[in-house]
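Now for the letters of each chain:
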Amino acid sequence: MNTLNLSISKTLLMARLKQSVIAAAGVTFGIAMFITLVSFMTGLNKMLDSLILNRTPHIRLYNAINPNADQPVNRSAEFKNALNIVRSIKPSDSRTEIYNSTAIIQSLKSDSRVVAVAPKVASQVFYNIGVIDLNGLVNGIDVSQEMKYFSFADYIIKGDAYDLNRISNSVILGKGVADKMMSQVGDVIHVTSAKGDQLSLKVVGIFQLGLATVDDVQSYASLETTQKLLGKPKSYYTDIQVKLTNIDDAPAVAKEYALRYRTDAEDVQTANAQFESGTKVRNIITYAVSITLLIVAGFGIYNILNMMIYEKMDAIAILKATGFSSSDVKNIFINLSMIIGFIGGVAGLLTGMLLTMLIDQIPFKTAALPAISTYPINYDFTYYIIGALFAMATTYIAGYFPAKKAARIDPVVIIRGK
Amino acid sequence: MSDIILETRSINKYFHDPVKFQVLNDINFSIKKGEFVSITGKSGCGKSTLLYILSTMDTDYEGELFIDGESMTKLPHNGLAKVRNEKIGFVFQFHYLLPEFTVLQNVMLPALKLGKFEPAAIEERAMSLLKRLDIHDQARKGANRLSGGQKQRVAIARALINDPVLIMGDEPTGNLDSKNSKIVFEIFKELVAEKKQSLLIVTHDEDFARTTDRNIVMDDGRMVK
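Protein sequence lines correspond, in order, to chains A and B.
Take the first sequence: its letters are residues 1 to 418, numbered as in our numbering.
Take the second sequence: its letters are residues 1 to 225, numbered as in our numbering.
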């Protein structure tokens, strides 16, 4: 029964092959445009996001330098029930070290929401260039963790990050720092720590984040080297960086950690508030554009199929006159438009993929992202599923309504209307 | 079961556009099994309209219609389609073949829909019908490649494919030359004789009408004879 309807649909399609191909091309065009634009736009968005997010931990645990909230007057029994106001408190020489860091790292690693934990030691230094001392910051990092979870490798423009582990007293300089010191990979530079200790470091690489404030000031070294620079023991960490499975959890989890570990905890959303709103706006634009594209494509598909079916009204009347029921007619015409939807949709997905691959080949150089050399494309499979579902849904609707209308009327109305 | 195959009870029909106008006025008649009935009348007297109602293709009427003892008036669309498929063969004034299909496919489609026989058996039967109408050599051609007379004969073969109890024709020989008209007429007569099928033919052809068992004359929406 249904195979009969299907073969009738096929014959009707093949008989007017040109018209069918044009109808399918309408679907193809709409879906291809959707795939291309959405992949490209979200690719650009992701690139912009990664500009900041790649090197930013979702949560950063640290000890901020603040005046102690627990002033001696509060401990005095005499003023226990009084309102004590102490003006102009200065922060004491409190440690920027995170207390009990080893235990905290252990505890974080067992948290199911956490993907990775990477400790860090930040140290103020002076880069010595002849008689000039240049202000700077050396970050002591766990190289393998940074490479794995914070895409450190993407930003190394010269040298090899793993040399930090292999060569003792080695450093990776920011591009701006290296330029100012006129040092290349393999050179030895001298730095002075904030406490006055001097150390020679071998340059094993140069990084570029694309943010001048970072590239002109910072450099990276291994944890051990930085600890040595500061004259601190092995468990001395100033920051613990945490990467979560879900970035949106960061503000809540940060609050929880601040309480649990009694440190300061900063989440990425707070740290980059202005960037967050930028992302939000870009996402809204992406959604608006993709919905508009889908609606426009949908109307195109609907129009073409609608006209095609109205042209076949004669066939509907004849089929009904010879004993095909309303549901058969509906079935035949829905089959017809679904075949067009399927073929056009698949062709559209493929065309969209080809177009995005083409865009992916166009050179795009930016100092901010050394790892990127062509326009970014987001090959997210979800968009292909959305595209496929949409093609099928619109062609179904485009087939359903005229078919339903045709199925309801008496065949004689069509015949007499001639 | 009685031997009445088609019966109408006071059928009235109106056209509403542009003004209300009564096309059919109190039509009461019946056709017996194996009877060959012709309807004649001036053009515009409502004979085609009546035929469309009798063939269940038009449901916008008052009164009641029985085919093979069953009331058609309350039947849903799908039920009517089944009746048309199984019991009625219809030949239009203009052939109304599906141009997308071959001649053979056009003839086979109603039988494939009925699904009583295997496709191979249906094809064989369709070929024998086409042979009888002398167009079997055109069977594999596209339906739109035939001449008007040939198309009309294909339409007749299509009407006969399911062995309907009732065959209706709206000027089925109107587009045929006298030789082909004669062939069609002979076939109609044989059918009535062989298979006890009933025929109801609307025609202009007075000679044709005279040779049928019964001739109904219509005028101004009424049966006058």
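Worth flagging that the hints you see were computed from the coordinates, not collected in a lab.
Just so it is clear, the structure is predicted and the values come from calculations on it, not from any experiment.
Watch out, some of these pointers could steer you wrong.
Below, simulated EDC-like cross-link-like pairs (lysine to aspartate or glutamate); rule was C-alpha separation at most 20 Å, straight line [to be verified]:
1. Lys42(B) x Glu206(B)
2. Lys33(B) x Asp60(B)
3. Lys33(B) x Asp220(B)
4. Lys74(B) x Glu86(B)
5. Lys148(A) x Asp49(A)
6. Lys42(B) x Asp219(B)
7. Lys405(A) x Asp60(B)
8. Lys405(A) x Asp68(B)
9. Lys158(A) x Glu97(A)
10. Lys80(A) x Asp70(A)
11. Lys87(B) x Glu70(B)
12. Lys20(B) x Asp220(B)
13. Lys33(B) x Asp207(B)
14. Lys195(A) x Asp160(A)
15. Lys404(A) x Glu86(B)
16. Lys234(A) x Asp249(A)
17. Lys32(B) x Asp220(B)
18. Lys109(A) x Asp249(A)
19. Lys404(A) x Asp58(B)
20. Lys10(A) x Glu100(B)
21. Lys82(B) x Glu276(A)
22. Lys116(B) x Glu86(B)
23. Lys18(A) x Glu100(B)
24. Lys74(B) x Asp410(A)
25. Lys42(B) x Asp207(B)
26. Lys87(B) x Asp410(A)
27. Lys109(A) x Asp133(A)
Each hint tested on the structure:
1. Lys42(B) x Glu206(B): holds, 12 Å
2. Lys33(B) x Asp60(B): violated, 26 Å
3. Lys33(B) x Asp220(B): violated, 28 Å
4. Lys74(B) x Glu86(B): Holds, because 18 Å separates the two Cα atoms, which is no more than 20 Å.
5. Lys148(A) x Asp49(A): Holds, at about 18 Å.
6. Lys42(B) x Asp219(B): holds, 7 Å
7. Lys405(A) x Asp60(B): holds, 17 Å
8. Lys405(A) x Asp68(B): violated, 30 Å
9. Lys158(A) x Glu97(A): Given pair Lys158(A), Glu97(A) is violated - Cα atoms ~32 Å apart, limit 20 Å.
10. Lys80(A) x Asp70(A): Holds. Lys80(A) to Asp70(A) sits at ~13 Å (cutoff 20 Å).
11. Lys87(B) x Glu70(B): Holds, at roughly 12 Å.
12. Lys20(B) x Asp220(B): holds, 15 Å
13. Lys33(B) x Asp207(B): violated, 23 Å
14. Lys195(A) x Asp160(A): violated, 30 Å
15. Lys404(A) x Glu86(B): violated, 24 Å
16. Lys234(A) x Asp249(A): Given that 20 Å is the threshold and the Cα spacing comes to 31 Å, the pair is violated.
17. Lys32(B) x Asp220(B): This hinted pair is violated, its Cα atoms lying about 25 Å apart.
18. Lys109(A) x Asp249(A): With a Cα-Cα distance of about 17 Å, the restraint between Lys109(A) and Asp249(A) holds, given a limit of 20 Å.
19. Lys404(A) x Asp58(B): Distance of about 18 Å is within 20 Å: holds.
20. Lys10(A) x Glu100(B): holds, 10 Å
21. Lys82(B) x Glu276(A): Status violated; Cα separation ~65 Å.
22. Lys116(B) x Glu86(B): holds, 10 Å
23. Lys18(A) x Glu100(B): Holds - the C-alpha atoms of Glu100(B) and Lys18(A) are around 13 Å apart, at most 20 Å.
24. Lys74(B) x Asp410(A): holds, 15 Å
25. Lys42(B) x Asp207(B): holds, 15 Å
26. Lys87(B) x Asp410(A): holds, 18 Å
27. Lys109(A) x Asp133(A): Violated: Lys109(A) and Asp133(A) sit about 40 Å apart, past 20 Å.
Violation of the numbered hints given earlier is confined to hints 2, 3, 8, 9, 13, 14, 15, 16, 17, 21, 27; the remaining hints are satisfied by the structure.
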